[in-house]
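Asks: So you can see what is in the structure, the chains are spelled out below.
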Amino acid sequence: QQQVKQSPQSLIVQKGGISIINCAYENTAFDYFPWYQQFPGKGPALLIAIRPDVSEKKEGRFTISFNKSAKQFSLHIMDSQPGDSATYFCAATFNDYKLSFGAGTTVTVRA
Amino acid sequence: EAQVTQNPRYLITVTGKKLTVTCSQNMNHEYMSWYRQDPGLGLRQIYYSMNVEVTDKGDVPEGYKVSRKEKRNFPLILESPSPNQTSLYFCASSYRGGAYEQYFGPGTRLTVT
Chain B
90 QQQVKQSPQS LIVQKGGISI INCAYENTAF DYFPWYQQFP GKGPALLIAI
140 RPDVSEKKEG RFTISFNKSA KQFSLHIMDS QPGDSATYFC AATFNDYKLS
190 FGAGTTVTVR A
Chain S
2 EAQVTQNPRY LITVTGKKLT VTCSQNMNHE YMSWYRQDPG LGLRQIYYSM
52 NVEVTDKGDV PEGYKVSRKE KRNFPLILES PSPNQTSLYF CASSYRGGAY
102 EQYFGPGTRL TVT
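If you read the protein sequences in the order shown, they are chains B and S.
Using the numbering used here, you'd call the opening residue of the first sequence number 90 and step up by one each time.
Using the numbering used here, you'd call the opening residue of the second sequence number 2 and step up by one each time.
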């Protein structure tokens with residue numbers, strides 16, 4: 090049973106457009122929410138992360154929005170570029186040891 | 002270069018033949034973890050280790066064993082592999098735990114026939 094539900098499974102966006110990936114969770118004990126980016130043939134790599142005491146975090150073109158009351162968080166990729174084409178995973182942890190991942194979203198940016 | 006290495010990268014084996022996938026990190030990280038990646042299911046944690054001789058089950062531990070005798074190494078053992086363990090496996094390490102940046106290895110593609 091997936092503890093973090095991620096949608097959509099895939100999305101296609103034009104270059105310069107905005108990509109939005111959503112994640113939802115049930116366990117209110119979760120206290121750290123990272124996003125990982127994975128390119129084909131590679132292991133995932135940390136992209137950006139947020140803690141629930143913050144509603145938004147921005148790093149370059151990547152922004153996490155966090156809604157604690159709705160138990161949802163999302164990744165926005167602004168000005169999407171072909172190099173952003175990858176699979177994105179949201180994740181959550183609460184005891185600092187176990188990490189639960191979403192099912193992943195494959196993003197394709199068309200030039 | 003800071004890295005996590007896994008061996009082998011590709012493995013085809015038969016049902017029931019014991020195998021070990023090695024994982025090593027050179028960053029002196031306390032935390033190491035194994036994941037399997039399957040289409041539509043994302044990454045699922047198999048086992049993790051908080052430090053030497055300290056391990057615990059993740060979400061899908063059945064059919065797997067681990068050990069952590071040295072800080073740098075965290076091998077994954079399949080004592081009697083079955084076809085449902087065909088998957089892409091990743092080892093990862095971090096400074097202390099899941100709430101710290103995890104560094105992933107390149108992956109091991111395992112096929113059990």
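Treat the hints as calculated values from the structure; they're not laboratory data.
For clarity, every value in this text was computed on a predicted model and none was experimentally measured.
Beta carbons: idealized from backbone N, C-alpha and C, even for Gly.
Just to be clear, a hint being listed does not mean it is correct.
As the list claims (entries may be wrong) - Going by beta-carbon spacing under 8 Å, a handful of chain S positions derived as facing chain B: (1) L42; (2) Y49; (3) E54; (4) T56; (5) G59; (6) P62; (7) E63; (8) G64; (9) P84; (10) F91; (11) G98; (12) E102; (13) F105; (14) G106.
Asks: Hint by hint, note whether the structure agrees.
Replies: Tested hints:
1. L42: holds (6 Å)
2. Y49: Hint on Y49 (chain S): holds, closest Cβ of chain B at ~6 Å, below 8 Å.
3. E54: At about 15 Å, which exceeds the 8 Å cut-off, the nearest Cβ of chain B leaves the hint on E54 (chain S) violated.
4. T56: violated (10 Å)
5. G59: Since chain B brings a Cβ to about 6 Å from G59 (chain S), closer than 8 Å, the hint holds.
6. P62: violated (11 Å)
7. E63: violated (15 Å)
8. G64: violated (18 Å)
9. P84: violated (22 Å)
10. F91: Status holds, d = 5 Å.
11. G98: holds (4 Å)
12. E102: holds (4 Å)
13. F105: With a minimum Cβ separation of about 3 Å from chain B (threshold 8 Å), the hint on F105 (chain S) holds.
14. G106: With a closest approach of 6 Å, the G106 (chain S) hint holds.
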